[in-house]
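Participant: Line order of the protein sequences matches chains V and D. Going by the working numbering, the first sequence opens with residue 1, and the numbers climb by one from there. Going by the working numbering, the second sequence opens with residue 1, and the numbers climb by one from there.
Just so you know, the hints here were simulated from the structure itself, not pulled from any lab data. Fair warning: there could be bad hints in the mix.
[Unchecked claim] If you want a taste of the chain D side facing chain V, the calculated C-beta under 7 Å gives, among others:
id, residue
1, Gly2
2, Val4
3, Pro6
4, Phe8
5, Arg9
6, Gly10
7, Pro14
8, Ala17
9, Pro37
10, Val41
11, Ala124
[What the hints assert, rightly or not] Listing some non-contacts, in silico: residues in chain D with all C-beta distances to chain V over 12 Å:
id, residue
12, Ile3
13, Asp29
14, Val32
15, Leu33
16, Pro69
17, Asp76
18, Glu91
19, Asp96
20, Ala105
21, Glu107
22, Leu123
23, Arg130
24, Arg176
[To be verified] Using C-beta positions, here's what the derived DEER-type ranges look like:
id, chain 1, residue 1, chain 2, residue 2, range
25, D, Pro42, V, Arg4, 17 to 25 Å
26, V, Ser138, D, Pro69, 50 to 58 Å
27, D, Arg12, V, Val63, 15 to 23 Å
28, V, Pro169, D, Gly184, 39 to 47 Å
No residue lacks a Cβ here, since even glycine has one placed at the ideal position from N, Cα and C.
Chain by chain, the residues:
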Amino acid sequence: MAARDETPSARTLVLDVPDWPGHQAGQHVDVRLTAEDGYTAQRSYSIANAADGGRLELTVQRVPEGEVSEYLTGVYRVGDPVEIRGPVGGWFVWRPAEPDPVLLVGGGSGIVPLMAMIRARKAGGSRVPFRLIYSVRSPEDGYYADELRTRARDDSGLDVAYVYTRRAPRNWPEPPRRVGVAALNTAGWPPELAPLCYVCGPTGFVETVADTLVALGHDPARVRTERFGPTGG
Amino acid sequence: MGIVSPGFRGRRRPAGATELPPGQYLTEDFPVLSAGPTPRVPLDRWELLVTTETDQQYRWTWSELMSLPTESPVVDLHCVTKWSKLATAWEGVSLDALLGGVETAAEYALVSSYGGYTTNLPLADLLDGRAWIAFRYDGRDLVPEHGGPARLLVPHLYLWKSAKWVRGIRLLVRDRPGFWETAGYHDYGDPWREQRYQGD
Ligand SMILES: Cc1cc2nc3c(=O)[nH]c(=O)nc-3n(C[C@H](O)[C@H](O)[C@H](O)COP(=O)(O)OP(=O)(O)OC[C@H]3O[C@@H](n4cnc5c(N)ncnc54)[C@H](O)[C@@H]3O)c2cc1C
Numbered sequence: 001m002a003a004r005d006e007t008p009s010a011r012t013l014v015l016d017v018p019d020w021p022g023h024q025a026g027q028h029v030d031v032r033l034t035a036e037d038g039y040t041a042q043r044s045y046s047i048a049n050a051a052d053g054g055r056l057e058l059t060v061q062r063v064p065e066g067e068v069s070e071y072l073t074g075v076y077r078v079g080d081p082v083e084i085r086g087p088v089g090g091w092f093v094w095r096p097a098e099p100d101p102v103l104l105v106g107g108g109s110g111i112v113p114l115m116a117m118i119r120a121r122k123a124g125g126s127r128v129p130f131r132l133i134y135s136v137r138s139p140e141d142g143y144y145a146d147e148l149r150t151r152a153r154d155d156s157g158l159d160v161a162y163v164y165t166r167r168a169p170r171n172w173p174e175p176p177r178r179v180g181v182a183a184l185n186t187a188g189w190p191p192e193l194a195p196l197c198y199v200c201g202p203t204g205f206v207e208t209v210a211d212t213l214v215a216l217g218h219d220p221a222r223v224r225t226e227r228f229g230p231t232g233g
Numbered sequence: 001m002g003i004v005s006p007g008f009r010g011r012r013r014p015a016g017a018t019e020l021p022p023g024q025y026l027t028e029d030f031p032v033l034s035a036g037p038t039p040r041v042p043l044d045r046w047e048l049l050v051t052t053e054t055d056q057q058y059r060w061t062w063s064e065l066m067s068l069p070t071e072s073p074v075v076d077l078h079c080v081t082k083w084s085k086l087a088t089a090w091e092g093v094s095l096d097a098l099l100g101g102v103e104t105a106a107e108y109a110l111v112s113s114y115g116g117y118t119t120n121l122p123l124a125d126l127l128d129g130r131a132w133i134a135f136r137y138d139g140r141d142l143v144p145e146h147g148g149p150a151r152l153l154v155p156h157l158y159l160w161k162s163a164k165w166v167r168g169i170r171l172l173v174r175d176r177p178g179f180w181e182t183a184g185y186h187d188y189g190d191p192w193r194e195q196r197y198q199g200d
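Using the sequences and the accompanying hints, generate a full structural model.
Facilitator: Structural data, given as structure tokens:
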């Protein structure tokens, strides 16, 4: 077991799970915490790594006042036991045998299941072209920054584009903005290629991106979404 | 009791607070769970279609639905992603009113939505004042994110059974799993028995 900080407010936990049955990229687990008096709380967390024996990586964003995320990013120490149930989910998944080009659009912690797909693509020897559009508030908020830089260089057929919503890096060619038609047109795929689209992040982000993809001509049945909640209107 | 997580205290609910189903926590927000983009359905093309096991069809246009007597249930919602929201106020037409004149010997229903979503449940769970076609929430027309113009509301089961953007109900002699049910979620989905996944 191990833990590493991804950003000042997000931490990756590496867990060893005995008898783990394996998982598909995009699936999640339910984490259940139990206090000494038996009180429990459960939340879902996406699996960040490609299947790798009994090793499981979760990346948790600290939510202020968050019951479970504050514990997992703060109090929790490497080696402490946690209860896990899963893998869960059979729709928001990508399989290396899939032949179509893929568009991944992630907002904030919504990158986690998409990163599992990027990792599974390489691990599974797939050559299907992948494009990732990753929306973050500021440069410090991007998860897996070094790994994404390296993979964009070495995993052939993987393109990575960032969109900054609050503050862009120095000399960035455009002011901060949200993922919209412009980003999806320039860094996505044309709808005629019929890519599989995976959109993940906070509810409002997912609503906007999925609506825009449909408006651009993507088949709604090929746009798969995962809403991390909870801020839904 | 499960394995104790050292140092975990959690956010307890005050004594005397309404009991929640196992594994659920309370939220004041109204989160959104859907598998894909939100469909937009114009009212002049909206219809609800009930098809029986003998392929008899019953249809309601939007204005026909609006002419039926409505009810205003106030119900607790329980989502399989763990949140619960208490005392939500809806307006809709009871399925007793819609299915009352439908001749059928079916025991199961497969509900379908604009956008292609499906979910299954026993027909009995749609009857006896326990299910509605809802089109107003909290005093306002139901917004598309939450299933507008109209959604099924079956609050005694996990919320994925309350199909948003409802379009059809197929009555079946044999149970047929819907979208999430095919993807490993429970066939029935009773929150009080914590029937989240297959095998629960
Ligand atoms: C399928 C699925 C996969 C998920 N995968 C991940 C993942 O990989 N990484 C990850 O960090 N989270 C993920 N989440 C979100 C996660 O399950 C929790 O909702 C989140 O960690 C907050 O829980 P909490 O107990 O800390 O906060 P709570 O105690 O539940 O909430 C505290 C306050 O924060 C607000 N809040 C809750 N969640 C969020 C949020 N996500 N963003 C902003 N405000 C919030 C609440 O409205 C409340 O006001 C996933 C959710 C789902 C449904």
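Participant: Now, for every hint given, state plainly whether the structure supports it.
Facilitator: A quick look at each hint next to the structure:
Checking Gly2 of chain D against chain V: minimum C-beta separation of about 4 Å stays under 7 Å; hint holds. Hint on Val4 of chain D holds. Least Cβ distance to chain V is approximately 5 Å, under the 7 Å limit. Taking 7 Å as the C-beta cut-off, the interface hint given for Pro6 of chain D holds, the closest approach to chain V being about 5 Å. A hinted interface residue such as Phe8 of chain D counts as satisfied when its beta carbon comes closer than 7 Å to some beta carbon of chain V; here the least separation is about 5 Å, so the hint holds.
Interface restraint check: Arg9 of chain D against chain V, minimum CB-CB distance 6 Å, threshold 7 Å, status holds. Checking Gly10 of chain D against chain V: minimum C-beta separation of about 5 Å stays under 7 Å; hint holds. At about 13 Å, the closest approach between the beta carbon of Pro14 of chain D and any beta carbon in chain V exceeds 7 Å, and the interface hint on this residue is violated. Here the hint on Ala17 of chain D is broken, as its CB sits about 13 Å from the closest CB of chain V, past 7 Å.
The restraint placing Pro37 of chain D at the interface with chain V holds, with a minimum CB-CB distance near 4 Å, inside the 7 Å limit. Proximity of Val41 of chain D to chain V is violated relative to the hint, the smallest CB-CB distance being about 12 Å (cut-off 7 Å). Hint on Ala124 of chain D is violated. Least Cβ distance to chain V is approximately 28 Å, over the 7 Å limit. Look at Ile3 of chain D: its CB is around 5 Å from the nearest CB on chain V, not clear of 12 Å, so calling it non-interface is violated.
Not every C-beta of chain V lies more than 12 Å from that of Asp29 of chain D, the closest at about 5 Å, which undercuts listing it as non-interface. Not every C-beta of chain V lies more than 12 Å from that of Val32 of chain D, the closest at about 4 Å, which undercuts listing it as non-interface. The non-interface label for Leu33 of chain D is inconsistent with chain V: the shortest C-beta to C-beta separation is roughly 6 Å, within 12 Å. With a least beta-carbon separation of about 29 Å from chain V, Pro69 of chain D lies farther than 12 Å from that chain, consistent with its non-interface assignment.
The Cβ of Asp76 of chain D lies farther than 12 Å from every Cβ of chain V, with a closest approach of about 17 Å, so its non-interface assignment holds. With a cut of 12 Å on Cβ distances, Glu91 of chain D stays outside the contact zone with chain V, its closest approach being about 19 Å. With a minimum CB-CB distance of about 30 Å to chain V, Asp96 of chain D clears the 12 Å threshold, and the non-interface call stands. The claim that Ala105 of chain D lies off the interface holds: its Cβ sits roughly 33 Å from the closest Cβ of chain V, which is beyond the 12 Å cut-off.
Non-interface status of Glu107 of chain D relative to chain V is upheld: no Cβ of that chain comes within 12 Å, the nearest being about 26 Å off. Distance check for Leu123 of chain D against chain V: the nearest CB is about 26 Å away, which clears 12 Å, and the non-interface claim stands. Non-interface status of Arg130 of chain D relative to chain V is upheld: no Cβ of that chain comes within 12 Å, the nearest being about 25 Å off. Distance to chain V confirms Arg176 of chain D as a non-interface residue, since its nearest Cβ pair spans about 17 Å, more than 12 Å.
Pro42 of chain D and Arg4 of chain V have their C-beta atoms about 50 Å apart, which leaves the hinted 17 to 25 Å range violated. Under the hint 50 to 58 Å, the C-beta atoms of Ser138 of chain V and Pro69 of chain D, about 54 Å apart, fit the expected range. Distance hint check: the CB atoms of Arg12 of chain D and Val63 of chain V are about 18 Å apart, consistent with the given range 15 to 23 Å. The hint said 39 to 47 Å for the Cβ distance between Pro169 of chain V and Gly184 of chain D, and at roughly 41 Å that hint holds.
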